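For the protein sequence lines, the chains are A and B, in the order given.
At position 278 of the first sequence the residue is numbered 274 (the working numbering), and the sequence of numbers has no breaks.
At position 290 of the second sequence the residue is numbered 323 (the working numbering), and the sequence of numbers has no breaks.
Derived by calculation from the structure, the hints in this document are not laboratory data.
Keep in mind the model is a prediction, meaning the values are calculated, not measured.
Built from N, CA and C at the ideal position, the CB exists for glycine as well.
You can trust all of the hints, since none of them are fake.
A partial selection of chain A residues facing chain B, derived with a Cβ cut-off under 8 Å:
no., residue
1, P41
2, N76
3, P83
4, K84
5, D279
Covered stretches of chain B (in silico footprint by chain A; criterion: 3 or more residues with CB under 8 Å from a CB of chain A, positions within the stretch not fixed):
no., region
6, 101 to 109
7, 113 to 119
8, 218 to 226
9, 249 to 259
10, 326 to 340
11, 385 to 394
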Amino acid sequence: MIWEPVIGLEVHVHLKTRTKMFCRCRVGFGAEPNTQTCPVCLAFPGALPVVNRTAVEWTIKLGLALGCDIAEHAVFSRKNYFYFDNPKGYQISQYDLPFCISGKVILPTAEGDRVIKIVRAHLEEDAAKTVHVGGRTGRIRGAEHSIVDFNRGGTPLVEIVTAPDIRSAEEAKRFLQLLRQTIVELGISDAEMEKGTLRVDANVSVREVGSSELRTRTELKNMNSFTFVARGIDAEIARQIAVWESGAEVRQETYDFDATTGALTPHRAKEEADDYRYFPEPDLVPIEPPADLVERLRSELPEQPAARIRRLESELDLERATVLVTGGLDQLWGDAVAAGAEKIAAANVIANTIVGAGLDPAAVSAQELARLVDARERLPRAAFDEAISKLADPGFSAEPYLAQEAVSDESELEPIVARVLEASPGQVDAYRSGKEGLLGFFVGQVLKETGGKANPRVVSELIRERLDS
Amino acid sequence: MAPVVDTLRLTAVEARGLLERGEISAAELHSAYLDAIDERDGELHCFLSTVERAEGDGVPIALKDVISTKGVETTAGSKILSGYVPVFDSTVAARCKSAGLPLLGKTNLDEFAMGSSTENSAFGPTRNPWDPTRVPGGSGGGSAAAVTAGLAPWALGSDTGGSIKQPSALCGNVGLRPTYGTVSRYGVVAFASSLDQIGPVTKTVRDAALLYSIIAGRDPLDSTTAELPEPVRLPEGESLKGVRIGMPTELNEAEGIEPGVAEAVANALALAEELGAEVGECSLPRSVRYGMPCYYLIAPAEASSNLARYDGVRYGLRAQGESYQKMVERTRDMGFGDEPKRRIMLGTYALSAGYYDAFYGQAQKVRTLISEEHREALEQFDVLVSPTSPTVAFPIGERIADPLAMYLSDLLTIPSCLAGLPGLSIPCGLSEGLPVGLQLIGPQFSENVLFRVGHALEQALEFDTVPTRWRT
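Modelling step: build the complete structure from the supplied sequences, incorporating the hints.
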């Protein structure tokens, strides 16, 4: 039997509004615990929520960017449950009448556009942050005590729910990269998984290829990067296939994915469905977004990343176009090309070196970048790297670096190459028996010997000549 | 030597006159009431706490203990909030403060405003000033009894299904439940958010109008509030010419209405006709039949959620427990009395998966029907009248073991609460020596009409608000 994964994602995004969802407390990181709180977000008796209008507008904006229909009548509801990170005993969320429904995200792939349907996007408040102290696992079980920081409590949170339209871990990752870039470009969130401003839960099941059934799904939580999301999904797919093939049944469970060990551990067995006793929040009135507001927000939408990928694809290739767009680098690339840089070379330099150097693409001078891209082959590696690392400095000029020349003289390089190869007989044997990836190692050694001045292209040619003969 | 004021008779408007004319200082007035509290509250137990120093230059006020007051303990009549001192003022307390009204103290109530007799207070019952063996009504028995007993010139109560009007009726004074959304609920300990309203408890209709003008109006902190469509007017006239008064049959002939109560109401209506009103009959069949069950689904459902915040984590009572769950369980078990527990269970059930549509969802539909029915009746009439309570004040202990009998105390006040309409209760006579309340219901935002009709009737009825046992 050939198995097919069926994956749906729930993505939570912190909105970077100045104030919280239902009170005027500041939203932000790094403040002393429990200093950004008030009677509303601490749920003191009688305190009432007031809706943050900016959060509503941003949610609608996001919904529009995801191709959603915007509700004419949206309602906040109470989701009732007891936990100490949930001070009211209910979370104000949305239930049957969210702001955004029925959208779709176009995922450009080599096989054409994949459509990932968006079921809904709704607005809610985040819970407080809890830390469990004294246990081995960092979870509440086994902990001596727990501490709660209500600074995070009440942060506006948008939950985006996809249909189970995703068919591989890789596709999930690509979808998330595209979604994240869409969010970042709207200016509504930093959407950083490491900071917890973007969180992903994955619902995973498998079925026979060609079948339309939906088998029991499990939920994966606590993955803190897109790569780990993909690894977690892959691990879970493998686990489920093994369970079905052994003749057993997959049980509905929630798993935590441990990125260091690759292990999936049950989070909490769902013995019975949670009953959150949703009902419309009586402390708030329904919101009916005016049509002119929705149209204004629609008119303010930037060009969609997916459209830009397709546009760049015709000039580069899908992979490079995707990397540039989802990295927020396509603008810089376009500017560098306009300034005379060669397209592919510019894309490579931007996607590898600029990102590697941790530069803010918006601060980089495209003009100077173009000059460096153009000169990259003849510049000593060390000079090139240094120039790149300073590209974002105010008033940076490539001029002083461009004067330097890499050593391309074969007669000068030959002896160094010979010396390096003699010094590493083991690696030479390995290379000859097929480990061609070692070429980079040899080039690196030669560069080191020459203090970064050797022309890497010439060096690698010389090494190949010697080893391949 | 401070002038002697008769707090039993002094109205708030009169007290304001004394202050304006400089005949008494705010501090002297405040302390005159504290003296009255010293003298009579030992018997009545209207106050849970008092404030010794007058802050403000106006007429002092008592607030029901669900109303958060910065720096002054606010318990909601519950052990679970015992010792809880708010760090912020409710909007109504802030508005009273900025109008210069010094706080006299916080008044007793049924725990979390759940009850009709003030016997559910965790801190002991309040007694009726007319007959201390009887209840003052509830949940706002403390505020109502305090005003009648001259322990406060005026007070604020909160009304979910009758908690202002019914105690005012049983204590023989004036209580207004305003239109839902005209008075901010910010800082008022929530019972059932879609029904809770704050309103005045006073000796006269003019006092009620004055206090209403101080507290009413949109509050940016309460999204369910609205701006008043017209300013509040203190009523003047005594004529009811042209006023159409409707008597909903079901509210006036409901089972359980005592003959003496019906008689006092009939007498008031006869007077209304003499003053020029047209009195006619109308019908609210579904409102009375379904009002009670509808209320006892919606109010407990909202309460079950509103009371979830009392978990022992951040304020109030905390019991010890070896885990979070155990701590919460014990805190809530120790902290809540029987009535909140009963309603939390009812409400949790009504909202549960598989029951929501049949209970809470259905109740919301019925609520819409009840609103419709009132709207239709109020197209023909300016106000609807009925007894406020089917009975006069009942003996302490009589209904406490029978929740259903207790719930029936609010049979006549609940329907208009569900419809979000304003209701005014004024005393209209005595039955068996105890006060009878007349309930006036108007359309949304018709408080000025209620004040006008209530004031005219009040003048004609000449009801003496001083309990007979204290008359000299």
